[in-house]
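Trainee: Each chain, written out:
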Amino acid sequence: MMKILPDVLPALSRMMASWVLIFFVVAMASSIGAVVNIKNVQSRINPQFHGESGYFPDNDQAGIRSALTRMHLFAGVSLASTLLMAGFGFAVFRRTVAPLNEIVAGLESIQEGNLDVTLQGAGGGETERIAVLINDISANFQEILLLIWNHSESSAVACRRLTELLRKLPDGNRELRETDAIQARIREIQTIIADFHFYDVSLDENKVLTG
Amino acid sequence: MSKRILIVDDSAIMRKMITKILLEQGHEIVGEAKNGEEALVFYKQLKPDIVTMDITMRVMDGFTAAREIVNYDDQAKIIFLSNLEKATYAENAERVGAIGYVSKSDSREILALIDKF
Chain A
1 MMKILPDVLP ALSRMMASWV LIFFVVAMAS SIGAVVNIKN VQSRINPQFH
51 GESGYFPDND QAGIRSALTR MHLFAGVSLA STLLMAGFGF AVFRRTVAPL
101 NEIVAGLESI QEGNLDVTLQ GAGGGETERI AVLINDISAN FQEILLLIWN
151 HSESSAVACR RLTELLRKLP DGNRELRETD AIQARIREIQ TIIADFHFYD
201 VSLDENKVLT G
Chain B
1001 MSKRILIVDD SAIMRKMITK ILLEQGHEIV GEAKNGEEAL VFYKQLKPDI
1051 VTMDITMRVM DGFTAAREIV NYDDQAKIIF LSNLEKATYA ENAERVGAIG
1101 YVSKSDSREI LALIDKF
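Heads up: the sequence lines are chains A and B, in that order. Positions 1 to 211 (the working numbering) are the ones given, in order, by the first sequence. Positions 1001 to 1117 (the working numbering) are the ones given, in order, by the second sequence.
No lab work stands behind these hints: they were computed from the structure. Fair warning: this is a prediction, and the values are worked out from it, not measured in the lab. There's no promise every hint is true.
Pairs of lysine to aspartate or glutamate residues, derived as EDC-like cross-links and limited to a Cα-Cα distance of at most 20 Å, are as follows [claimed, not checked]:
id	chain 1	residue 1	chain 2	residue 2
1	B	Lys-1003	B	Asp-1074
2	A	Lys-207	B	Glu-1085
3	A	Lys-207	B	Glu-1091
4	B	Lys-1086	A	Glu-153
This is chain B alone, in the form it adopts within the complex (with noise of 0.2 Å):
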């Protein structure tokens, strides 16, 4: 089933990236972030049904993000997708409210998370 996706990444590559991978799966992206702070504006905004959500960015990291939009809406589909060492980090990311954490060098195993919820 088709979603409607948020992507939130700063770098316009991984954005590129990201959105090829989902739109080949016939999912629709509603709005692209370079920062937390935009992904908390166009969140209200455009009430995706599922936020794509880098760790590392500038005004406002990922994690930070997270925790804003979940307690806005503590029904938000957070699903992380970094380069950071995923052993590492998944943890942090459920315990902000996300539903996934996947490596952006394994980006397409995010269709599976997707097609779960």
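Bound conformation, chain A alone (with noise of 0.2 Å):
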């Protein structure tokens, strides 16, 4: 049975998902029953027989009356499966529907730029797959800005180092002019890159650190 329910829900949750339908088969099962019992019930009633206990023939009372329980039975065993079928199944939505939930919450956090953010992916299944291929996109996305930053970095520091250089000339007012844009460009993308927050990392005065 549990072949048959799609990897995305969890081992656990397809155990329960199992049940569901399990349930499902005995309550509709129960209620043909009930439905065939009320048919026997009526087969045997004969208006035009009026015995001393009302409209049903004196010799057929006892078949009448294990029809009738058998039907009690059955229509209790559908609502017996009918209900657990519901728990069973509102048990299996949460299961699934709370996972899906974290990895929203999560999703949100991290395109606010909060690379810090680690999903766990609760429940299994699909979901947990999930969740570790989003970590990893968020891997991937805070090493290409540290990335970037390390590379901005030297380039500023060899941008002043020109600029220094050029000061020193007559006529490097152009040149100068081209440096101060390159460094002010730097130091945009490095304003950028510091309002992430990320997984393990921060930016102390220019430098990547731990913590």
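With the hints as a guide, dock the two chains, each given alone in a separate frame, to form the complex.
Mentor: Listed below in structure tokens is the structure:
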């Protein structure tokens, strides 16, 4: 039974979903049994015979009582199965929805620049796989940003050295304006990167440090 | 001489970048791990000549992983390859038994380091 259920559900949820299907089948079978016995009772009632106990022919009362008992039994089993099916179904729903809520909340945080978020993917199955992949994407993004940070910092240092040299030249004004513009662009990139929250990394006085 | 190298980095893009640099020099990439825990398992299975190790990783960071690997094999050759400030962390790297520390922004320096061993 578990093999026909999608892998998107973790193992425990697939087991619970199996029980939902079983209870559904039992409920349907019991309902059919109850309906059959109602018809059984109906077929034993002949309005033309008026015995001492009303409309029922005296010689078929036992059969009718037996059919009614079976009908009540089937109806009871059907009701119990339906209730159990509803209970297990709710549990499966919660086990599936709760991990998805965690993933959505995590993604909302990451898209705001919080790369220090780590998704756990509780519940197993495909939701755990999704959480792992999101963490991987976040790690990629962090590495690229930190690489850009380090390269831009090296470029800024080189630019400052070049600026000092240009200041010493009598006709270096145009080049000075260009190096100033480059430094401004580097600062702009670094301002954007500094707004991110990184996993186990902080930017302190232009240095990339742990914590 | 070609070396058998295990790459440890939580970023798939970084692993690709390092792989490209190392393959260009004729080295063999025997495995890739995305955290320190995987690195330890793969080290025991693959017995690489060299391990390139990132530092900030989920599950287990690079310094912890390096310590575990060196405890398992004191001949292990680990080179840290990280975006963290080299001046601050190179000493830590040496203390855990690594043979070198290279900044990712100067990642080609790793080739010279590998050739020494």
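Trainee: Determine for every hint whether it applies to the structure shown.
Mentor: Against the structure, the hints come out as follows:
Of the pairs offered as hints, the one joining Lys-1003 (chain B) and Asp-1074 (chain B) holds, with about 18 Å between alpha carbons and a cut-off of 20 Å not exceeded. Under the criterion of a C-alpha separation no larger than 20 Å, the hint pairing Lys-207 (chain A) with Glu-1085 (chain B) is consistent with the structure, at around 6 Å. The straight-line distance between the Cα atoms of Lys-207 (chain A) and Glu-1091 (chain B) is roughly 16 Å, inside the 20 Å bound, and the hint therefore holds. For the suggested pair Lys-1086 (chain B) and Glu-153 (chain A), the alpha carbons sit about 14 Å apart, so the restraint of at most 20 Å is met.
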